[in-house]
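J.: These two chains come separately, so use the hints to put the complex back together.
Residue numbers (this note's numbering), protein chains in the order written: chain E, 1 to 185; chain G, 1 to 286.
Bear in mind the hints are in silico, worked out from the structure with no lab data behind them.
Careful, some of the hints might be misleading.
Partial pick of chain E residues on the chain G-facing surface, computed with a CB cut under 7 Å [stated by the list, open to error]:
| id | residue |
| --- | --- |
| 1 | ARG35 |
| 2 | THR127 |
| 3 | LEU131 |
| 4 | ILE144 |
Coverage of chain G stretches by chain E, computed from C-beta distances (three or more under 8 Å per stretch; other residues unrestricted) [unchecked claim]:
| id | segment |
| --- | --- |
| 5 | 56-65 |
| 6 | 110-124 |
Every residue, glycine too, gets a C-beta built ideally from N, C-alpha and C.
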Amino acid sequence: MPLGESFDRVVAAAAAGAEWAWRELYRETAPAVGRYVRARGANDPDDAVGEIFCKVVRRLDSFTGDERAFRTWVLAIARNQLIDEARRRQRRPEEPVDHERLAGAGPSGDAEDDALAHLATERVRETLSSLTADQRDVMLLRVIGRLTIDEIAEVVGRRPGAVKMLQARAIASIRSKISEGSVTL
Amino acid sequence: MSPDDVSPYEMGTNRHDEDDELERLLEGSADAREQLPELTIFVDDLQAMQTPSPGVEDLHVAAMMSESSRLLADNGDPVARPVSKAHGPASQASGLPMRRSTPMVKLLLAKVMAPLVAVFTIMGGLAYAQVLPDPLQDVVADAGGAVGLDLPDSDDGDVDEATEVEDADEADEATEVEDDADTTHESDPAEGDDDEGATDDEADGTEGDDDEANAEGEGAQGDDDEADDSTEDQDDSTDDGSGNDDGDNSGPGGGDGGGDNSGSGGGSDDENGGSDDEVEEAADEE
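Next comes chain G alone, as it looks inside the complex (with noise of 0.2 Å):
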């Protein structure tokens, strides 16, 4: 097979050759369209194909510019956002959703702890008023006292009633053996104010008897530092309403020994008999 039996461009000889010929062609050379006059026409073909409509150049660019704003979009540029993260920052506005800024725990745990603060405190406001059952109140008192409050219990709302009642008692007592001792004096005009029956057994030497009955009123007295002071308060009140107060209770001395109204009953009594001596001496002495 020699070089003439088949085209010089199938042998392989003058590949270099032919591609000057056509960059020639493609640049426009004369030379290279008059040696190359079949690859000429298939160019010029080529060349003069339609290109793109001028009516379609606008609606490309319009679509290559939504393509770039939704790319910058997606990239945190701020020429568009997504509706989810319309609100955020520009750097934020295609990101991934925020975290859960409060955990899902301390939702859960506020709703369950919310209303047991509400209970907590109305029912501590109500064991505080003492206006609750009993059991209810001790259980709330158990539980105040649990975290350090000093709630009242059932106990104390009985042990305070039961103290106005023997109070009372004693008061509406004493007020008798008062009312009875002025009742005697004033049986006898010689005798002067009852208040001063102590200074009377004072000058009539019976200070002994006294004596026994400051010791009695004592007692009564150490009875009476047991007993609440709003006890001694209302002791005082009621005193003060039967109008016979025998003084300053604390007093050293005085003929009233057992003068301290707010002692238990067994001074109460004393009183009465110390009273009860003082209207028998007044009468020996008449």
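Bound conformation, chain E alone (with noise of 0.2 Å):
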């Protein structure tokens, strides 16, 4: 639920130190930060999230604007932080264990819904895979991010025409890809 015309009072008090604003944000953001980094791959999503919002921490004294602004300027670190980690893993290549492996083999609170969201986690990777990097960047910056054409290209540092053009192409494929029913449904 937006925090509305209270965004500036939390922001401040978060600035101060208060947990509470801290929380406020972090349940505001943090949903659409996790599902942003599950869809890009990230070895340890939770652990990502956690990184990401560290980081926010340290630059709130850098951010300006209101809460649609501070939404995409929480999900241009996440992209960073994500693209930072790729390259480390380039430079040291590693083969983890999955994570959503692991929490799928083990137990958890409710093994329906995680049955779901693993299902849904794997269509949706087996769906981005068809689509380049500057297409899912811009795909899941649009539908999980809830971001406009200019804010993604805020984020992406191109021009809101070139992410049209991105946009639109990343839509073909998927359409593509589904109704060959080479996505599993």
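T.: As structure tokens, then:
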């Protein structure tokens, strides 16, 4: 639920170190960040989310804007964090165990929800595998982050027209892949 | 190539329309879901993906609070303080270490000057008491004179001692002369107190001799002016000890013009001569 007019007060309290304010901001943005991180295929999504929000805390002084701008800003930090992680993995190749599979192998609170979430995640990853990295970024930011074309252009550092082109091609690829039945529904 | 040969989304003719349709789909429009069934599946899967686990929320918030506390401490807020500045005020809690309040030069000067002052004080006290060896006494006296202190040197101590010795000799000699005169007078029962000799001289008209004696006595007095005051005190004590004080040394006239026993040796000799004259005159009168 959006913070609305209380957003400025919450950000000011968070800057002063109020725990309740940080919890409000976390609950408002963490679901989108978590989905974005999982869809991008992070090895440890929960750990990545924690790292991202620690960066948010460190850089809060540099933020100015409203609630939508805050959401865009946090997702930009998440994107940069994943890019850095991908570069580190290229320098130091490793084959960690997928946390999603570990979570699925062990018991959890709600088995049905966990199974559905795991299945959805698998389908998304399979669908996104047909997209380029830029197309994946645009579609994930558009669908999960609910960002506009201009906001996505700001995050990925491209012009809005280029972002529209990337989005159109991504949608075409997704429709084609799903209609062909390559993605098991 | 006609529009039918490629996907309408690839031709770029309806990019705005497809973005609007996607927006309606994200808002939950039923029409958009029917028009974009493939995209609907994709969007549903994305929104069904697992969000951060409920259990990790507390961990993440705790990590955020720890980071926030560290940042506030770095900015000087007293949430937490570095150990090195833990005793300082909040405004300096995370500041750089303070510059040394006392310069190193001052500390070195204090360390060097303190022993020097202590040594100079001790040596000055010993020099004032004149218990130092002569060379060291002279050195300390010169150093004290350079800074305005009047410390005695080794010569001052010798002069005093010499004066004391001379005065003691003179006193002894004068005592001996007085004793001789007393003996002479005592031998003559008609003679009164020898202290009254001056009166006798005046009565006998021997004032001329007395004038000479006075003149010589004045000469002796002149010598006395050069003598040390402490020497006079010692002479007085010596005279008192002998019990032969001739009375007021500074008094005018007086038969014993050389009565100033504190004078030089010559004065004592004149006095002795004067005493002999008195004895002779007394004998003549008899």
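J.: Against each hint, give a clear statement of whether it holds in the structure.
T.: Hint check:
no.	hint	result
1	ARG35	holds, 5 Å
2	THR127	holds, 6 Å
3	LEU131	violated, 11 Å
4	ILE144	holds, 6 Å
5	56-65	holds (count 8)
6	110-124	violated (count 0)
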